[in-house]
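Here's the letter readout for the chains.
2 protein chains.
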Amino acid sequence: MAPKTVSIVGSGNWGSAIAKIVGNNVQQRNDVFSTIINMYMYEEMVDGKKLTEIVNMQHENIKYLPGVKLPENVIAVPDILEATTNADILIFVLPHQFVQKICEQLKGKIKSSAIAVSLIKGFAINEKGIQLISHQISEILSIPCCVLSGANLAGEVANEQFCETTIGSKNEDTGELLRQLFETPYFRCAVVQDTDTVEVCGALKNVVAIGAGIVDGMGSGDNTKAAVQRLGLMEMIKFAEIFFPGSKTSTFFESCGIADLVATCHGGRNRLLGENVVKSDKTIHELEKEILKGQSFQGPLVAKEIYGMLKDKDMLSRFPLFVAIHLICDRKMDTKEFISCLRNHPEHM
Amino acid sequence: MAPKTVSIVGSGNWGSAIAKIVGNNVQQRNDVFSTIINMYMYEEMVDGKKLTEIVNMQHENIKYLPGVKLPENVIAVPDILEATTNADILIFVLPHQFVQKICEQLKGKIKSSAIAVSLIKGFAINEKGIQLISHQISEILSIPCCVLSGANLAGEVANEQFCETTIGSKNEDTGELLRQLFETPYFRCAVVQDTDTVEVCGALKNVVAIGAGIVDGMGSGDNTKAAVQRLGLMEMIKFAEIFFPGSKTSTFFESCGIADLVATCHGGRNRLLGENVVKSDKTIHELEKEILKGQSFQGPLVAKEIYGMLKDKDMLSRFPLFVAIHLICDRKMDTKEFISCLRNHPEHM
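Chains A and B, in that order, give the protein sequences. Just add 540 to the spot in the first sequence (first one is 1) and you have our numbering. Just add 540 to the spot in the second sequence (first one is 1) and you have our numbering.
No lab work stands behind these hints, which were simulated from the structure alone. Since the structure is predicted, the reported quantities are computational estimates derived from the model, not experimental observations. Glycine residues also receive a C-beta, built at the ideal position from the N, C-alpha and C atoms. Take every hint as true, because none was put in to throw you off.
For each label pair, taking beta carbons as the anchor points, the in silico distance ranges come out as:
| no. | chain 1 | residue 1 | chain 2 | residue 2 | range |
| --- | --- | --- | --- | --- | --- |
| 1 | B | LYS833 | A | ARG858 | 45 to 51 Å |
| 2 | B | HIS888 | A | GLY588 | 45 to 51 Å |
| 3 | B | THR789 | A | LYS829 | 41 to 47 Å |
| 4 | A | MET855 | B | GLN671 | 41 to 47 Å |
| 5 | B | GLU712 | A | PHE784 | 31 to 37 Å |
| 6 | A | LYS829 | B | GLN671 | 56 to 62 Å |
| 7 | B | GLU712 | A | GLN640 | 48 to 54 Å |
| 8 | B | SER653 | A | LYS710 | 54 to 60 Å |
Just a few of them, taken from the derived set where beta-carbon distance is under 8 Å, the chain B residues facing chain A:
| no. | residue |
| --- | --- |
| 9 | ARG728 |
| 10 | ALA730 |
| 11 | GLY761 |
| 12 | ASN763 |
| 13 | THR789 |
| 14 | PHE793 |
| 15 | ALA799 |
| 16 | ALA803 |
| 17 | HIS888 |
Based on the sequences and whatever the hints tell you, model everything.
Quick look at the structure:
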């Protein structure tokens, strides 16, 4: 078999961290993978220079993952078609709101035998309601799309701190190929077939993490925060059961499930957002500008999307935690009411 | 039905926090419960005065739960028989190494119709191997014994911060009676019948928490710590499956399961111990004296007990996390080897 060519679509902090891993892995496994990796990078100017040129000269994404050297075989490419034209494996790792536009540009221009793997957190919204990003990619590009999600805060992965992750692939051989692409001694990959649940966890945990941040901001202790995480997990499980039938409980025990939830509720940016929502009167948009300097919080977007869908389906009362988090982010509910929401949760009835 | 008389056996920080809850509840539900509660307290001298007298004068356990007022209907009693002679419900909340001696003193001296509820974390060791504390209590006293366990760091419960807990009761009516005794708006009780798993979780989470503290002490981030919690949970589930057949996966989703694990791995004293094991060369005993001033860490005791049992049964390789934590506490394994143990965990094979 000819070596597979890998392209990375996206180059934020998580994209850059994953570029470091796969850039090194393809060099070590050059019987399986081509050693040059194109990384699509949305062009922007940093200190008067093009970011792609900085990355290709300095081998460092000085804007989104400063201080971490990228392998020299990872080439930043500002043209999405040039970056992906030869790809056998497309790694999608960009904010979920850009997926549709990028995929429409790629439609008909990539290899028909290619496979995709989505590292994206979030849902797409279309006329049918909520759609998984992997399904959206697969539908637009007419190729299979696997997923990778786990307790993987980007900065820690980039610093090679030990962690686990979960690959969702319905096809076992593809799952094994992706394990070879992503696994390192500090980044352990488990492969499961229940891809939808892997992806659902990755989107919903950011909503729960805002809730964890809210109780942090209120000065609550570890017990209350544990209750938020547990009740959030119960809503995640119920959401998967209702909207993605066939979801397996065992998947929630993988890294994509409880582990990612716990890591995100303690170290992630959405937790930080929740804390700031309590401690200030600023809007989410203002907090984004202040805290993330150009990137966006995924949690409030997902919370808004599922709120709309649950409202349409008359299911708001079954997901009170998700609902309260959306309303608090939208400044339509006082943060003080959050504890009442926990207290009166249907899990207690 | 005559109101039930409640006695509390034990008066450390958790015993005192629970005395506050049940002391208030029996006053509000005086059709169901007698309003006077005896709390057995091991007598000791504090600043030249008897601790029981201080508690009964000041209504505060100044040694183990300072700053928290206890209801005046909770009476500290230094004589174990006097404290329990009329009890219909015996709440056991004392370090697990004292249970056997106390129960043998009570044998034949309590009401034969009484029921017990154990809030104790840990296992008993006898000639048959490991025994649950609730089984030990039940066997010695010939009465049924329920359990209560959850994400309930004592100080936070005493300060009325919202949390959840799990009551394990094979008998539904007893479960409901206990819910009435313990539930408050800030302390939500769920009742399950799978009592053994509730108790197993309460014992084993302290072992996992030492592991979480070890990676904290090594300066690892949230990803690694999440992996410790997940792998620890997988060993907890396997332990329950092997040694307590009939254990239900759903119980691990209750407060006694993941929630307590997460709270303990972030806020508990066993986590603190793990951190100090890495940062110093002191023995567990020295750290106990230094950090707990007279109380004991439950985690190392449980880790030692299960290590002995697993070794006898030739099962050490199936529980590498538990084993490593015991060996590190015993200073027989270097803390640096802990990450290799995570990396090579059978869950990854």
